[in-house]
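Chemist: Okay, here's what each chain looks like letter by letter:
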Amino acid sequence: MNTETLNSVFIDIELDEPTTPDPELAKKLEEVCTVGIFKATEDGTEIVRGQLDECVLCYLCEQAAPEGTLRIIKKYEN
Amino acid sequence: MTLAEINPLAKLSDGSFVALDAHMEMEDEAVGRHKKVLTELGVDLSEPREMYEPSDFERNVKAIDAADHRGVIQGKDHGFTGNIGLVIGAGGGSLTLTDAVRNQGGKPANYAEIGGNPSVSKSCGLAKEILQKDGVEKIAVMMSIVSNTRVDIVARGVIKACLELGKDPGETIAIFRIPGAWEDEGYKILDKYGVEYADRSVSMWDAAGTAVAKIQGGGA
Amino acid sequence: MSILLNEDFTFIVQGITGREAVNLTRECLDFGSSIVGGVTPGRKGREVHGVPVFDTVEQAVEHHGKPIDGAVATVPPAFTKDAVFEAIENGIKLIVVVTERIPRRDVAEMVELADERGARIIGPNCLGLIAPGVAKMGGIGGPAKDAAKAYVAGSVGVMSRSGGMTTEISSTLTAAGLGVSTAVSIGGDAIIGSTYADLMPLFEEDPQTEAIVIYTEPGGRMEAELVEWREEAGSTMPIVAFMAGRFMDDESMKGMTFGHAGTIVEGKEDSATEKIKRLESAGITVVERIDEIPDAVKERIGA
Ligand code: SF4
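Chains as they are written, first to last, in my numbering: chain A, 1 to 78; chain B, 1 to 220; chain C, 1 to 303.
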């Protein structure tokens, strides 16, 4: 089986620096995302790159984060 | 139990009967309830009983399907020897499309089923397995109108499969015909990668015909 | 008009708090269906999209204050039989069983009890039924706006062993201006509650329905039963059939299951070729392509 894998071909996420370390937000993001794109770690929110392309565009994460600090980028739109 | 057969049955000289051989079939769904009796009968439950030995392709697809719980993919290539890679779904759609390909002179390399809105990695894995089969250069991605499975998610999966194998999606995907849920989002992705696609106004038959013509050429 | 459903039809969703059931509830409500309760043991007092949840069917009926017409069962395979029994015992007359992979013996028992009590089961392993402009019961057609795109009210009744193909065929009928009276996803298992022959009398009585389209596959005796029913009842309602899985007639495919649990060629009788012959001998038009269906229907009804 071919094992090469590409990440973030279709979807990327930008999360503004000041909010990234917030542990509360990290927990919330981990909870709302059904495809495991966010992981709450000691340093705050980690974005699981390997899962990015699984994003189902529900925007629950954008709604959970302070307004304008988190953006879902559809790379196929430009 | 769906079948119990005694054959042959022998009559002894004292008038009693003995079953010389017996054959029983049980549907997979019921196995869980009869573990005890099956073990007593010496049936190894860890070994699925198939009509034939599964191919590497079939085994690999099964493993990809088992890797996460989102949606279902299936792949079979027992009895298929052609060069048209089929990434198709769902149950009835796959039967219809396989017929449509064959009845227009096409030779499928495999049979497949996508359903229940699989993850991107599942459709990607299925498409990759098909593209790595001997003689398969191109795939046709087709389904009947979907209402649960998402067009954009399947589009991402099959395009990613091409990219990960270093192939151009626009060249490799002969036709993409999956109308339905999230189709507009899906068409945006397909446009970006130059993949030819069709909406519900193009019949399953005609989409299959396009696949045959593009993969096997005009002589098909 | 339509068969089985009408504007006042009420139903409950068993297993309503499951992920798929929550979606299905939303879709049905948006399509205009009247869901009067949901059942998930231990979840009484909750709501799903405004629908009250109960521990038992009995509580749901009591809350409603009069008999409930139908139930959609979306519970795990091991518990489906109990759920269906419970619905029947509480006077529910139409039960759509969505669940796949139910042991065959359980299905046989469910169908038996339904017969005894004058109830009807649709499925298992089906997407339910839809009467355009009236209601839908089950996930058939998906979200209301998608369902409305594929299903427009009209003159053709649809019965299909494949849930997805129910929508593909109906969409083709809709695009051709014929439309659909009621479409029923009857289920893909070897044993189902309502076969083509079981539902035909209802379509016969429905003034809106002028013709029937069936989607069928190899495996089983359902087509033979339809032919027998047609001859016995002296029915002349035009039927157009589409048979998928013709490739399964190849010797190399014998005994393999494709698509649905009930789709397997075991003997000569249940092969596609045999079935097509049988259907045609009873005056049923068999087409090779989905896109040939509308013209075949028009020819039969003289439109
Ligand atoms: S949009 Fe939804 S699926 Fe995508 S990252 Fe946000 S929460 Fe996860």
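Because the hints were derived from the structure by calculation, they are not lab data.
Just so we're clear, the structure is a prediction, and the values are computed from it rather than from any experiment.
There's no promise every hint is true.
Here are the computed lysine to aspartate or glutamate pairs in the EDC-like style, where the Cα-Cα straight-line distance is at most 20 Å [claimed, not checked]:
1. A:LYS75 with B:ASP191
2. C:LYS149 with B:ASP68
3. A:LYS74 with B:GLU185
4. B:LYS167 with A:GLU4
5. A:LYS75 with B:GLU185
6. C:LYS254 with B:GLU53
7. A:LYS74 with B:ASP184
8. B:LYS192 with A:GLU24
9. A:LYS75 with B:GLU164
10. B:LYS107 with C:GLU251
11. C:LYS149 with B:ASP184
12. B:LYS188 with A:ASP12
13. B:LYS76 with C:GLU251
14. B:LYS192 with A:ASP12
15. C:LYS254 with B:ASP28
16. B:LYS107 with C:GLU100
17. B:LYS76 with C:ASP250
18. A:LYS74 with B:ASP28
19. B:LYS133 with A:GLU4
20. B:LYS62 with C:GLU251
21. C:LYS149 with B:ASP199
22. A:LYS75 with B:ASP184
23. C:LYS254 with B:ASP199
24. B:LYS188 with A:GLU77
25. A:LYS75 with B:ASP28
26. C:LYS254 with B:GLU58
27. C:LYS145 with B:ASP199
28. C:LYS254 with B:GLU5
29. C:LYS268 with B:ASP199
30. B:LYS107 with C:GLU288
31. B:LYS107 with C:ASP249
32. B:LYS76 with C:ASP249
33. C:LYS254 with B:GLU25
34. A:LYS39 with B:ASP28
35. C:LYS145 with B:GLU185
Chemist: Give a verdict on every hint.
Modeler: Evaluation of the provided hints:
1. A:LYS75 with B:ASP191: Answer holds: LYS75 (chain A) to ASP191 (chain B) is near 13 Å, not above 20 Å.
2. C:LYS149 with B:ASP68: violated (32 Å)
3. A:LYS74 with B:GLU185: holds (10 Å)
4. B:LYS167 with A:GLU4: holds (13 Å)
5. A:LYS75 with B:GLU185: OK: LYS75 (chain A) and GLU185 (chain B) at ~12 Å, within 20 Å.
6. C:LYS254 with B:GLU53: With a Cα-Cα distance of about 15 Å, the restraint between LYS254 (chain C) and GLU53 (chain B) holds, given a limit of 20 Å.
7. A:LYS74 with B:ASP184: holds (14 Å)
8. B:LYS192 with A:GLU24: violated (38 Å)
9. A:LYS75 with B:GLU164: Cα-Cα ~17 Å, so holds.
10. B:LYS107 with C:GLU251: The hint holds at about 16 Å.
11. C:LYS149 with B:ASP184: holds (14 Å)
12. B:LYS188 with A:ASP12: Cα-Cα ~16 Å, so holds.
13. B:LYS76 with C:GLU251: Since the Cα atoms of LYS76 (chain B) and GLU251 (chain C) sit roughly 16 Å apart, the hinted pair holds (cutoff 20 Å).
14. B:LYS192 with A:ASP12: holds (16 Å)
15. C:LYS254 with B:ASP28: Roughly 18 Å between the alpha carbons, so the hint for LYS254 (chain C) and ASP28 (chain B) holds.
16. B:LYS107 with C:GLU100: violated (31 Å)
17. B:LYS76 with C:ASP250: Holds, at about 15 Å.
18. A:LYS74 with B:ASP28: violated (42 Å)
19. B:LYS133 with A:GLU4: Measuring from Cα to Cα gives roughly 17 Å; hence the hint holds.
20. B:LYS62 with C:GLU251: violated (25 Å)
21. C:LYS149 with B:ASP199: holds (13 Å)
22. A:LYS75 with B:ASP184: holds (15 Å)
23. C:LYS254 with B:ASP199: With a Cα-Cα distance of about 34 Å, the restraint between LYS254 (chain C) and ASP199 (chain B) is violated, given a limit of 20 Å.
24. B:LYS188 with A:GLU77: With a Cα-Cα distance of about 7 Å, the restraint between LYS188 (chain B) and GLU77 (chain A) holds, given a limit of 20 Å.
25. A:LYS75 with B:ASP28: violated (43 Å)
26. C:LYS254 with B:GLU58: holds (18 Å)
27. C:LYS145 with B:ASP199: holds (17 Å)
28. C:LYS254 with B:GLU5: At roughly 19 Å apart (the allowed maximum being 20 Å), GLU5 (chain B) and LYS254 (chain C) satisfy the hint.
29. C:LYS268 with B:ASP199: With Cα atoms ~37 Å apart, LYS268 (chain C) and ASP199 (chain B) exceed 20 Å; violated.
30. B:LYS107 with C:GLU288: With a Cα-Cα distance of about 18 Å, the restraint between LYS107 (chain B) and GLU288 (chain C) holds, given a limit of 20 Å.
31. B:LYS107 with C:ASP249: The hint holds at about 16 Å.
32. B:LYS76 with C:ASP249: Holds - the C-alpha atoms of ASP249 (chain C) and LYS76 (chain B) are around 16 Å apart, at most 20 Å.
33. C:LYS254 with B:GLU25: holds (16 Å)
34. A:LYS39 with B:ASP28: Judged against 20 Å, a Cα distance of about 38 Å means the pair is violated.
35. C:LYS145 with B:GLU185: Measuring from Cα to Cα gives roughly 16 Å; hence the hint holds.
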